[in-house]
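Participant: So the sequences go chain by chain: P and Y. Residue numbers are given in my numbering: position 108 of the first sequence equals residue 200, and the series is strictly consecutive. Residue numbers are given in my numbering: position 199 of the second sequence equals residue 202, and the series is strictly consecutive.
To be clear, the hints were calculated from the coordinates, so they are not data collected in a lab. Any given hint could be a false lead.
[Claimed, not checked] Sample of chain P residues with no beta-carbon within 12 Å of chain Y, all distances over it, derived:
(1) Phe-126
(2) Leu-170
(3) Ile-171
(4) Trp-283
(5) Glu-296
(6) Thr-301
(7) Ile-304
(8) Tyr-343
[To be verified] Only pairs whose alpha carbons sit at most 25 Å apart, straight line, appear in this in silico DSS-like list of lysine-lysine:
(9) Lys-249(P) with Lys-115(Y)
(10) Lys-118(Y) with Lys-249(P)
(11) Lys-249(P) with Lys-87(Y)
(12) Lys-249(P) with Lys-264(Y)
(13) Lys-234(Y) with Lys-249(P)
(14) Lys-136(P) with Lys-148(P)
(15) Lys-264(Y) with Lys-267(P)
(16) Lys-264(Y) with Lys-234(Y)
(17) Lys-267(P) with Lys-234(Y)
Just so you know, even glycine gets a beta-carbon here, dropped at the ideal spot from N, CA and C.
Here is what each chain is made of, one letter per residue.
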Amino acid sequence: MKKLIEPFAIINRQTFMIMVAAQVVITLLLWQSFSDGLIPKPGKVASAFVTLLGTKLFIENMLVSLLLTLKAMLYSILITLLFAWLSVLPFFKSVALFIVKCRYLTLTGLIFIFTLLTKDGSELKLSLLVFGIVPFFVTSFLSIIVNINPQEYELCKTLGYNNWQTLYEIIIIGKADQVFEILRQNFAISWLMITMVEGLSMSEGGIGTLLIKYNKYNDLTNVLALQLSIFIIGLCFDYLLGSLRHWLFPYSHLKTATK
Amino acid sequence: MTVYNREEVLLQATNVQLTFDQHPILRDINFCIRNITRPGLLQGQVVTLIGRSGIGKTQLFKVLSGLQAPTAGQITIHNNKSVKAGDMGVIFQNYYLFEWRTVYQSLMLAAKKNKQLWGMEKQTIERYAEQFQLTEHLHVYPQQLSGGQRQRVSILQQLLKGSDFILLDEPFSGLDVCMIDKAVELLLQVSLSDELKTLIIVSHDIEHSVAISDTVFILGTEPGKEGATIKKEIDLIERDLAWRKDIRREKRFVETIEEIKACL
Ligand SMILES: Nc1ncnc2c1ncn2[C@@H]1O[C@H](COP(=O)(O)OP(=O)(O)OP(=O)(O)O)[C@@H](O)[C@H]1O
Ligand SMILES: [Mg+2]
Numbered sequence: 093m094k095k096l097i098e099p100f101a102i103i104n105r106q107t108f109m110i111m112v113a114a115q116v117v118i119t120l121l122l123w124q125s126f127s128d129g130l131i132p133k134p135g136k137v138a139s140a141f142v143t144l145l146g147t148k149l150f151i152e153n154m155l156v157s158l159l160l161t162l163k164a165m166l167y168s169i170l171i172t173l174l175f176a177w178l179s180v181l182p183f184f185k186s187v188a189l190f191i192v193k194c195r196y197l198t199l200t201g202l203i204f205i206f207t208l209l210t211k212d213g214s215e216l217k218l219s220l221l222v223f224g225i226v227p228f229f230v231t232s233f234l235s236i237i238v239n240i241n242p243q244e245y246e247l248c249k250t251l252g253y254n255n256w257q258t259l260y261e262i263i264i265i266g267k268a269d270q271v272f273e274i275l276r277q278n279f280a281i282s283w284l285m286i287t288m289v290e291g292l293s294m295s296e297g298g299i300g301t302l303l304i305k306y307n308k309y310n311d312l313t314n315v316l317a318l319q320l321s322i323f324i325i326g327l328c329f330d331y332l333l334g335s336l337r338h339w340l341f342p343y344s345h346l347k348t349a350t351k
Numbered sequence: 004m005t006v007y008n009r010e011e012v013l014l015q016a017t018n019v020q021l022t023f024d025q026h027p028i029l030r031d032i033n034f035c036i037r038n039i040t041r042p043g044l045l046q047g048q049v050v051t052l053i054g055r056s057g058i059g060k061t062q063l064f065k066v067l068s069g070l071q072a073p074t075a076g077q078i079t080i081h082n083n084k085s086v087k088a089g090d091m092g093v094i095f096q097n098y099y100l101f102e103w104r105t106v107y108q109s110l111m112l113a114a115k116k117n118k119q120l121w122g123m124e125k126q127t128i129e130r131y132a133e134q135f136q137l138t139e140h141l142h143v144y145p146q147q148l149s150g151g152q153r154q155r156v157s158i159l160q161q162l163l164k165g166s167d168f169i170l171l172d173e174p175f176s177g178l179d180v181c182m183i184d185k186a187v188e189l190l191l192q193v194s195l196s197d198e199l200k201t202l203i204i205v206s207h208d209i210e211h212s213v214a215i216s217d218t219v220f221i222l223g224t225e226p227g228k229e230g231a232t233i234k235k236e237i238d239l240i241e242r243d244l245a246w247r248k249d250i251r252r253e254k255r256f257v258e259t260i261e262e263i264k265a266c267l
């Protein structure tokens, strides 16, 4: 028992699972006892969640959102890779650094400009998402490049590589597994932005529009059920991208195992 | 007395200086390594660089290999060509390998750089791997190797590259007695593989490195002057201590080791 609050203490898997289960139960009990008329009780949310999963409305909207997120992530990672790889050329370094600072631009103020630049709602949503995601991706990738062990460059030099070969070996090949880690870590950001962006163009649907509708009618039970499904899908993706990385790049598994 | 000749200059260091933030680390480094020939043998050169911890051995090592430009002076190899990174095989203190490449892939990267191996990279790697006891480990990642295996991969990688100069920083550190003997055997084998092969060993392990060397350079500081320089050069061939298998038991060898230690 004492181990649970001891720094760096190692507890076995079973103890950990029991502990997590206890924590979940306590949270649910607290929720159950403190929620009054306004905040729906856990049981109610759970049953709403189950019904929601079965509805066509939910599945359709979820698919719309997922598709949009995946598309945006795909475009974003391509743009990111391009700029991050090129960031080792002085000419593109400044551009990459500027993109990093773009994290501080809020999207809300730029919606109008993007509306002018894009043809329709779906294009608007996609470009806003990409614009929102790319700075975070680039930030992650640049920090990986900055933290490269100088010995990697030295080994390249001793092998007689020129700068282009070094770029290829260390940054493109050597950090390919990190791309998945970036996707995984920043999936949360894309997922966060999708609900916001979808509010802008309601005609195509998506979980963002669904959320707004439920909120408008004060249907808090369904809002929470929807939140729960958003949360679970997020977790699934996190897991999926993690496994994909280990499968494609077996050595990334070794690195984390020894650390 | 063994018959030998010191012939053309293979490597020349002229007035090398290295300064970090106004602090001289190395100063007035001058030495040359000549091709040693012996009738009937492909005799390479083995030079040991000795000095106390923090004196600047690793820095000199980087300057020699062209990884670090000296503040002044220069290193030339093969007829006055300035050394550049990639000219030498360099094996670092901690045997860094690309973590994302399997042993085989890492070796292949190096073999592809060696024009003499064109078309037979695969066979050469397999043959060497056998010799280095790495055959079973060719398809694992560096993280899955032991320290000694990692070292052998590192050495093999730089060997496959085929440069005449091989620099080794602390090749015996972290090895057990048995492995040290194997590493010594390996280095001797390399030094006898080609007339022009030149090994430069930086080591704390004076006995083991001196036993396989023909020349010893001692790096140290002189009173009143900041920065390390070559304080002493010992020609082991002249003392008849080079190229002898059980030299380490002989009294003259022990005396030389004492002499070197006194110099540090
Ligand atoms: N980048 C650097 N900037 C400033 N000083 C440095 C730098 N790198 C090394 N030094 C200094 O240079 C000196 C020589 O370092 P070096 O690593 O060559 O020592 P060494 O002889 O190889 O020691 P050891 O046997 O412990 O490996 C040290 O005093 C160190 O503090
Ligand atoms: Mg050192």
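Participant: Each hint needs a verdict: does it hold in this structure or not?
Facilitator: Comparing the hints with the structure gives:
no., hint, in the structure
1, Phe-126, "holds, 49 Å"
2, Leu-170, "holds, 21 Å"
3, Ile-171, "holds, 24 Å"
4, Trp-283, "holds, 29 Å"
5, Glu-296, "holds, 41 Å"
6, Thr-301, "holds, 43 Å"
7, Ile-304, "holds, 45 Å"
8, Tyr-343, "violated, 4 Å"
9, Lys-249(P) with Lys-115(Y), "holds, 15 Å"
10, Lys-118(Y) with Lys-249(P), "holds, 17 Å"
11, Lys-249(P) with Lys-87(Y), "holds, 9 Å"
12, Lys-249(P) with Lys-264(Y), "violated, 34 Å"
13, Lys-234(Y) with Lys-249(P), "violated, 30 Å"
14, Lys-136(P) with Lys-148(P), "holds, 20 Å"
15, Lys-264(Y) with Lys-267(P), "violated, 46 Å"
16, Lys-264(Y) with Lys-234(Y), "holds, 13 Å"
17, Lys-267(P) with Lys-234(Y), "violated, 45 Å"
When each numbered hint is compared with the structure, violations occur for hints 8, 12, 13, 15 and 17.
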